[in-house]
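Visitor: Input sequences plus hints: build the corresponding full structure.
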Amino acid sequence: MTVPRSPTAAPWRRALPWLVVLTLVALAVARMVYLGSVGERFNAAFFTRALIDSIKLGSLYALIALGYTMVYGIIRLINFAHGEVFMIGAFTPYFLFTLTPYAWPAALVMALILAYGLLRVVELFRGSMRDPVVLGVAAVGFVGLAFALASWSWPFWAALVGSMLATAVLGLSIDRMAYVPLRTAPRNSLLITAIAVSFLLQNVGLLAFTNRQTPFRPDTPLTAPVSLDVGGVAVQTNWLLVAIPVITLVLVVALTSFVNRTRLGKAMRASAQDAEVAQMMGVSVDKVIATTFLLGSLLAAAGGAMWGLNFGSLNQPAIMGILPGIKAFAAAVIGGIGSLPGAVIGALIIGFSENFLTALFPRTPTFLGITEFKDTFAFVLLIVVLLVKPSGIVGEDLSEKV
Amino acid sequence: MARVATPTAFDAIDPARRLRNLALTLAAIGVGVLVLWGLESVGSAKLTQALALFAVWGVATVSLNLINGTLGILSLGHHGFMLIGGYTTGLLILDEAARQRILTSARSTMTEQTLGISVANLLQSVGLDGLTTPETLWARYLIAIFLGGLLAAVAGLVVGIPSLRLRGDYLAIVTFGFGEIIRLTASTRLFSAYTNGALGFPGVTSEFGKSVWWTFGVLAFTVFVISKLKYSSYGRAMQAIREDEIAAQAMGVNVAYHKVLGFVISAFFAGVAGGLWVSWLGGVRLDFFLFQLTFFFLVAISAGGTGSITGVLLGTALVVFVRQYGDPLEESYAIRTWLYLAAGVLALAAAGAFAFRSLRRLRPRLHWGTLVLAGTAALAALVAAIDPAFLEGSFRGFGMRAIFLSVLLIVIMVFRPEGMIGRAEFSWAALLREQRTGPTDEERAQDAWLSNPKLNAGGAGPRDDAGPPDDAGPARDEGGR
Amino acid sequence: MAMLEVEHLRKSFGGLTATNDVSFRVNEGEIVSIIGPNGAGKSTIFNLVTGVYRPDGGDVRFQGASIVGKSTNQIVGLGIARTFQNLRLFTQMTVLENVLVGQHHQLRSTWLSSVLRTPGYRRQERAMREAATEKLAFFGPRLQSFRLNQPVYVLSYANRRRTEMARAMATGAKLLLLDEPSAGMNPKETAEITQIIRRMRDEGGYTILLVEHKMNLVGEISDRVIVLDYGQKIAEGSYHDVVHDPLVIEAYLGKKATVDRAEDGEVDGASDPADGGIARPTVGEGVGDA
Chain A
0 MTVPRSPTAA PWRRALPWLV VLTLVALAVA RMVYLGSVGE RFNAAFFTRA LIDSIKLGSL
60 YALIALGYTM VYGIIRLINF AHGEVFMIGA FTPYFLFTLT PYAWPAALVM ALILAYGLLR
120 VVELFRGSMR DPVVLGVAAV GFVGLAFALA SWSWPFWAAL VGSMLATAVL GLSIDRMAYV
180 PLRTAPRNSL LITAIAVSFL LQNVGLLAFT NRQTPFRPDT PLTAPVSLDV GGVAVQTNWL
240 LVAIPVITLV LVVALTSFVN RTRLGKAMRA SAQDAEVAQM MGVSVDKVIA TTFLLGSLLA
300 AAGGAMWGLN FGSLNQPAIM GILPGIKAFA AAVIGGIGSL PGAVIGALII GFSENFLTAL
360 FPRTPTFLGI TEFKDTFAFV LLIVVLLVKP SGIVGEDLSE KV
Chain B
0 MARVATPTAF DAIDPARRLR NLALTLAAIG VGVLVLWGLE SVGSAKLTQA LALFAVWGVA
60 TVSLNLINGT LGILSLGHHG FMLIGGYTTG LLILDEAARQ RILTSARSTM TEQTLGISVA
120 NLLQSVGLDG LTTPETLWAR YLIAIFLGGL LAAVAGLVVG IPSLRLRGDY LAIVTFGFGE
180 IIRLTASTRL FSAYTNGALG FPGVTSEFGK SVWWTFGVLA FTVFVISKLK YSSYGRAMQA
240 IREDEIAAQA MGVNVAYHKV LGFVISAFFA GVAGGLWVSW LGGVRLDFFL FQLTFFFLVA
300 ISAGGTGSIT GVLLGTALVV FVRQYGDPLE ESYAIRTWLY LAAGVLALAA AGAFAFRSLR
360 RLRPRLHWGT LVLAGTAALA ALVAAIDPAF LEGSFRGFGM RAIFLSVLLI VIMVFRPEGM
420 IGRAEFSWAA LLREQRTGPT DEERAQDAWL SNPKLNAGGA GPRDDAGPPD DAGPARDEGG
480 R
Chain C
0 MAMLEVEHLR KSFGGLTATN DVSFRVNEGE IVSIIGPNGA GKSTIFNLVT GVYRPDGGDV
60 RFQGASIVGK STNQIVGLGI ARTFQNLRLF TQMTVLENVL VGQHHQLRST WLSSVLRTPG
120 YRRQERAMRE AATEKLAFFG PRLQSFRLNQ PVYVLSYANR RRTEMARAMA TGAKLLLLDE
180 PSAGMNPKET AEITQIIRRM RDEGGYTILL VEHKMNLVGE ISDRVIVLDY GQKIAEGSYH
240 DVVHDPLVIE AYLGKKATVD RAEDGEVDGA SDPADGGIAR PTVGEGVGDA
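Chains as they are written, first to last, in numbering that gives the first Met the number 0: chain A, 0 to 401; chain B, 0 to 480; chain C, 0 to 289.
Be a bit skeptical, because a hint or two may be false.
[Said to hold, decoys possible] Reference excerpt, derived from the structure (chain B facing chain A, CB under 8 Å, subset only):
1) Pro-161
2) Asp-168
3) Tyr-169
4) Pro-416
[Claimed, not checked] Covered stretches of chain A, going by a simulated chain B footprint (3 or more residues, C-beta under 8 Å):
5) 42-52
6) 67-80
7) 178-186
8) 191-199
9) 376-384
[As the list claims (entries may be wrong)] So these bits of chain B aren't anywhere near chain C, every CB distance computed over 12 Å:
10) Ile-28
11) Gly-31
12) Leu-136
13) Arg-166
14) Met-250
15) Arg-360
For the record, the hints were derived by calculation from the structure and aren't laboratory data. We put the CB at the ideal spot given by N, CA and C, even for glycine.
Guide: Written out as structure tokens, the structure is:
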């Protein structure tokens, strides 16, 4: 999915984003020192908090941003529904570690739906469901899953895996049902459909959870508290500080290896460059798109689960996915849409700026702070980047041939 | 030769037809006035409210369609323009009692200075005291919504500028971003002196927003302006931009000017709609201007048909109907009832799928998916009928209307993206069947003669040999819609 | 003063030099053709002249004044219009509407006047329709009456090309850039379009610069021919001269072709001009009657 840097851009243009980042970092450090000298509260521990939050938030945004960037890279669609997929990826583990074991009928129905979904996914890639091996495995899986749902109280790790699978299937279903019929439709129609799907999911979430917050506190060692000693002050945090970036790293590395080393990954990169020609070369662009949605949703689900762990509760479904979705999309654009490392870079930038902006301009007696503008900032940055350098930090130039 | 019909005419060119059209329009307006008056007198308050809402949202959707439909730019920030117009109008028209209440309220962030911004004060400062009496509230309201529209138009100018550099998805996101930025910024300290932050201010007069006369009057004005613009040379230029921006530029159309013009005019009317909206609601609050509003407008214009103003109004009627009369869906019902409802919907979907496949001549007609739908419907109904123990309890249908509209939009986009009536526009010419897009029999015969070399071996030169006739079959379009 | 002067025009896209020091002029009332193998940069010249691309170097002057840096629609206002190689019509709009769009930039009324349908606007609208119908009439009876109100997507390919040409004429331009006007047309249609182009110059007073592959068309109406290869001008002159120029033959057929022809004794103009061009088929679309 990585696209070569544009060789035609003037050197100063390519260096510009890095210069901007360096300047900002320098300014931030200066400001930190200044604040430290001005108020006792703004010591190293305070900024370490911000650093910890930034790393975690940046990782989470990266998991969501990758889904956006992959889908856009191939079908040039901003998948509005991806934020909602992330939201569902956060609520599904809740269902799995809180409400298990389920009553038998419910367990059977859920296992049936999931098994059927996975079966269809396999069918997509192997061409047919009628292979006895596949059907056999599916049957065994169905029974096992129903059993597991009905008699076991799922631990968090199992809920996470289950949620990732289920959300991946959901993400693919969205594509199959809503986007595939519009492959040849004008762009605007596709975007409107994505918006409609997003809205639908939000309201289904509202239906299920109304407008209350949902606590998210599974019993897992990942949230075990940890105390750091920074310059003499104790900073309380938990193992998520390590877990989130590590899990993210593992997933990102896995994804990148898949894209760079496997045949299907090569097909994905080819389709991202020129889907039409790839199809002429025998690549099944349909399968590639399906894979993209699967992988993107998989990652978003992981992000959702860890988001819940990080904040301890889930916002109401109707609004939970909106802001992170937009910010992750902004991250993908800033890093360079269509580029995997770009999405990660952009996500870290957004994660850092979000936390450090509030840290660097905190509430003082004379200044009320800019927490209010935290969310606006992502939008503004997105618009600025789109107007000034739409190809982002790493990205390619997309223009039309006359 | 047969007479030349005016192409996609909304109004005619020759004076005789213009006069006739004018007479017909006036007659239609007369009939409409009578109908409205009748509905208002005998109908319930709910009906009047719904009609008024239809007109208010109609102003918004028709103006949104200028960008989305005519210019072909997907704009998702309409709620932002409405916010600007709504807050401006609300503040300007707020009565003294409401202002006092806000001033004395502990949590309000508005100052005496900002609360002093009103049309009444404005008029007094220029000496037009006569217009500050209670009887002339209508005049002040008119000024207030006009100013609201003007401020929104300025915002439209700002939002229009990115449209010069961005296309498609990116531009849509930017407009969405602007809509959200406007809303988020309105809640911040920067503006809370003017907006009262998250509290907003109640007490905006409902006299105009809930009045069918006012709202339909403004709607009529909006439809007039937008339709005249769409069916003028400027409208053609905008459609050309939608079809092929590069070609339009190459034919001399100043694309930048037309795009910005579209945004400014659209934003103006959105602001006006916002002013009506706050009057309909009786107050101003940030959460009256969520993205959900733009989404409803999108459903309206897509369901009706982005190519025609008539279609947009039809779609708006549908959406308003669902919103106003759909609240029974959001009550709390026993789970049994929901199961029956689900069974009904699934059965309907199955029937719809079967009908769709039959109409479009797709085989097999009874697709396995249809069977699954029907089977699930039957299963749900069966389970509900048996009423087993674990189905106890009730369930509140939060957000059902939005779900319905979302599903509707997806179904429309997949099965009938041109909307209910596509590009067909209501016009007297169309109604009276004056307009033809196909040849008369005489012309058909001539065409055949022209293209058949054996027939014209007698005298026509090589220049008349045109090859096969053009309308040898309905050729579907090759790409854009 | 020539109507169009192109001087040392240069344009590169990354590593690829599309246009390399190209200079030529087009005088008023001329029909000049640009030919060359595929990828020689012919459409690029059009894009450079019409302001779609900005040249890296050189100048383009129209009626004495430089137009480099002007936007495309400004250039149209000055008097240059073009058609497109791959047809760029407004597919959902009718034939008449397409041509009327070409007239729009000459409209003197503001948008407000058009909304209010002032008498001034009505008058101009009527005049624009007359002008549009008149331009379409250039192509005979096939783009008249009921056809005017048909959406362009029902039209045959040849009629679409004609509509595009009418649209370009409707802009009121004095210089028309026609990008492969006969592409996709059969021989009879090609012959017809050849006559029409000539009539455009003779009756309509247009100056025409065209890019073409069909040598019979080029040969029949061009006053001058310019040959491009790899972005450079390699020959200019009358059709006959250009066609026998060894460099041109080499560009199309390779060096061996020039050697062969020298051996056959054909290089020095000994071949029959009436056969329509080079005796062997060209790289482009075919010679003479297919």
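Visitor: Which of the numbered hints above does this structure break?
Guide: 5 and 14
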